[in-house]
Amino acid sequence: MILAIDTSAGTSVAVVDDGRILAEHSVADTMRHAEVVGSLILECLASAGIAAAEVTAVVAGMGPGPFTGLRVGIAAAEAFSVGAGIPLLPMVSHDGIAAAHFETGTQSAITVVTDARRRELYWSTYSGLNANGLPERVSGPNLAKAGEVPTVVLGISPLLVNATEVPAGALAVVAERLLSTGHAFERYEALYLRSPDITLSNGPKRVVQ
Amino acid sequence: MTVEKPARELNRDAPLVLGIETSCDETGIGIVRGRTLLANVISSSMEEHARYGGVVPEVAARAHLEAMAPALRQAVAEAGIQLSDIDAVAVTSGPGLAGALMVGVGAAKALAISLDKPLFAVNHLVGHVGADVLGEEGPLEYPTIALLVSGGHTSLLLVRDLVSDVELLGETIDDAAGEAFDKVARVLGMPYPGGPHIDRLAASGDPKAIRFPRGLSQPKDMAAHRYDFSFSGLKTSVARWVEIRRDAGEEIPLADVAASFREAVADILLTKAIAACRDHDVPRLLLGGGVVANARIRELAALKCSEAGVTLRVPPLALCTDNGAMIAAVASELIMAGAAPSGMNFGADSTLPVTTIQVT
Ligand SMILES: [Zn+2]
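Line by line, the protein sequences are chains G and P.
At position 71 of the first sequence (counting the first as 1) the number is 71 in this note's numbering, and the numbers step up by one without a gap.
At position 39 of the second sequence (counting the first as 1) the number is 39 in this note's numbering, and the numbers step up by one without a gap.
If you are wondering where the hints come from, they were derived from the structure by calculation, not from laboratory data.
Among these hints, one or two may not hold up.
[As the list claims (entries may be wrong)] Pair ranges (Cβ atoms, derived):
#1 G:197 / P:318: 54 to 64 Å
#2 P:340 / G:208: 49 to 59 Å
#3 G:186 / P:249: 40 to 50 Å
#4 G:51 / P:161: 36 to 46 Å
The structure presented is a predicted model; accordingly, all values stated were derived computationally and were not measured.
Ideal Cβ placement from N, Cα and C applies to all residues, glycine included.
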């Protein structure tokens with residue numbers, strides 16, 4: 001029984017068991033992650049009909065995503081894993097978008113694109129599903145200026161998939177498959193893909209002119 | 001969107017509370033049982049900010065995320081409890097840096113849900129007052145004036161009751177006192193954080209050598225800003241004093257400048273705090289916040305309080321700087337007073353007023 005939390009775009013929470021999405025609740029608002037994350041977890045547990053103690057692992061969408069919101073979901077997933085004493089499974093959020101896309105049937109290569117704000121975009125290219133039914137990420141996640149996401153990646157011309165939401169359910173299904181096939185997970189590291197904005201000062205400013 | 005949960009009996013005698021604090025640059029996890037401190041783990045990102053000369057919000061927020069799980073585990077180990085034993089989770093909702101606060105809020109909500117325990121969202125400034133109940137000096141008496149001074153805030157409060165009646169008398173209208181220490185330290189060529197360096201340097205200086213201005217202490221200011229503070233003018237005045245002499249090729253008497261600056265800060269802080277005690281007929285003053293580490297501020301507080309017949313309380317330093325135990329302590333007091341949990345829909349409020357003790 002996997003709980004997945006992703007705040008790399010809006011806030012999406014899901015409960016997945018044995019490849020089935022038992023509950024998925026999302027709020028698209030990209031400014032209210034801290035407000036809604038708790039209620040979404042409670043709603044998912046309630047509509048899946050399970051207690052918190054029945055969750056066996058927590059998926060954290062590690063991004064890429066804008067800093068402030070992204071951290072809310074990672075902190076929540078991590079704290080839940082500490083509280084419940086269960087593993088934390090860090091995932092690249094774009095994998096959920098790719099999995100949901102491939103689920104609809106088309107198997108040709110795609111580049112998943114999400115908003116990075118400041119007229120920049122996050123992008124990841126997937127060649128399709130692999131033998132285990134997992135989306136095969138061949139490039140990314142990367143950061144590019146708007147209009148500069150490459151149209152040809154590793155010699156293929158992927159279909160652009162612009163996404164505004166990361167489905168936590170699809171992300172959890174991928175994580176569950178990774179777990180069952182014994183694949184390694186991502187490093188536990190928030191995927192900001194940008195350094196903090198800092199201007200190093202050159203000593204104190206003069207006050208006497 | 002609220003999911004109703006059946007009401008549960010909450011241990012209201014001596015609740016075991018875990019508090020999470022992430023309003024600035026310290027990730028604090030504290031555990032208290034009633035008014036007894038069991039653990040107070042603080043993971044600071046101060047060193048990461050040193051090369052920028054002040055707290056960089058994004059650097060602080062990233063550090064909170066990295067520190068959260070290790071600090072939680074360490075606090076539980078230090079307290080010698082199981083997480084499943086706790087009665088409630090508490091978290092700082094504000095005031096503070098929004099992005100930093102959100103890390104704590106997200107973590108606290110999920111932790112409470114994972115343990116199926118109630119959650120209390122509390123005010124950071126009230127937390128500084130609440131720290132006092134964990135000290136060795138016995139229960140805090142009310143009413144009390146509280147002077148909270150740190151790198152992030154400079155506030156004067158009238159606390160009639162920790163869980164129900166806290167009034168803001170005044171606060172800084174520009175820089176926090178701690179910021180002034182950092183900025184003056186830079187002018188004097190010393191690293192961040194400035195407080196300890198100024199303190200060390202000032203020890204051998206003459207506090208009366210230079211008369212730096214006391215902000216908002218003129219009669220015209222006192223009408224509108226009786227309990228407010230201003231340190232921006234003081235900082236500029238110190239910088240000007242130093243620059244003029246540097247430009248003239250004079251050697252700067254660093255110890256005297258540090259001592260005189262520190263004296264100006266301590267003087268204005270304590271003069272206004274004692275005035276608040278007198279005006280409100282409150283014979284008690286509580287200090288809180290990291291600047292309490294400053295030797296002269298503690299010394300002058302003791303002196304001025306004894307002159308004015310005011311009882312001074314200074315919690316141990318580890319409870320004065322930002323920490324999770326003080327947040328747990330406020331929640332514990334709220335629980336013992338019969339307060340209901342905060343629910344799940346609150347957020348981070350960077351400007352939460354001190355009158356909002358608990359966010360519901
Ligand atoms: Zn503070």
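Quick rundown of the hints versus the structure:
1. Between residue 197 of chain G and residue 318 of chain P, the C-beta spacing of about 32 Å breaks the proposed range 54 to 64 Å.
2. Judged by the Cβ atoms, the range 49 to 59 Å given for residue 340 of chain P and residue 208 of chain G holds: they are separated by roughly 57 Å.
3. Our hint of 40 to 50 Å for residue 186 of chain G and residue 249 of chain P is violated, since their Cβ atoms are close to 59 Å apart.
4. The beta-carbon spacing between residue 51 of chain G and residue 161 of chain P, approximately 37 Å, falls within the hinted interval of 36 to 46 Å.
Violated hints, in rising order: 1 and 3; the structure is consistent with all others.
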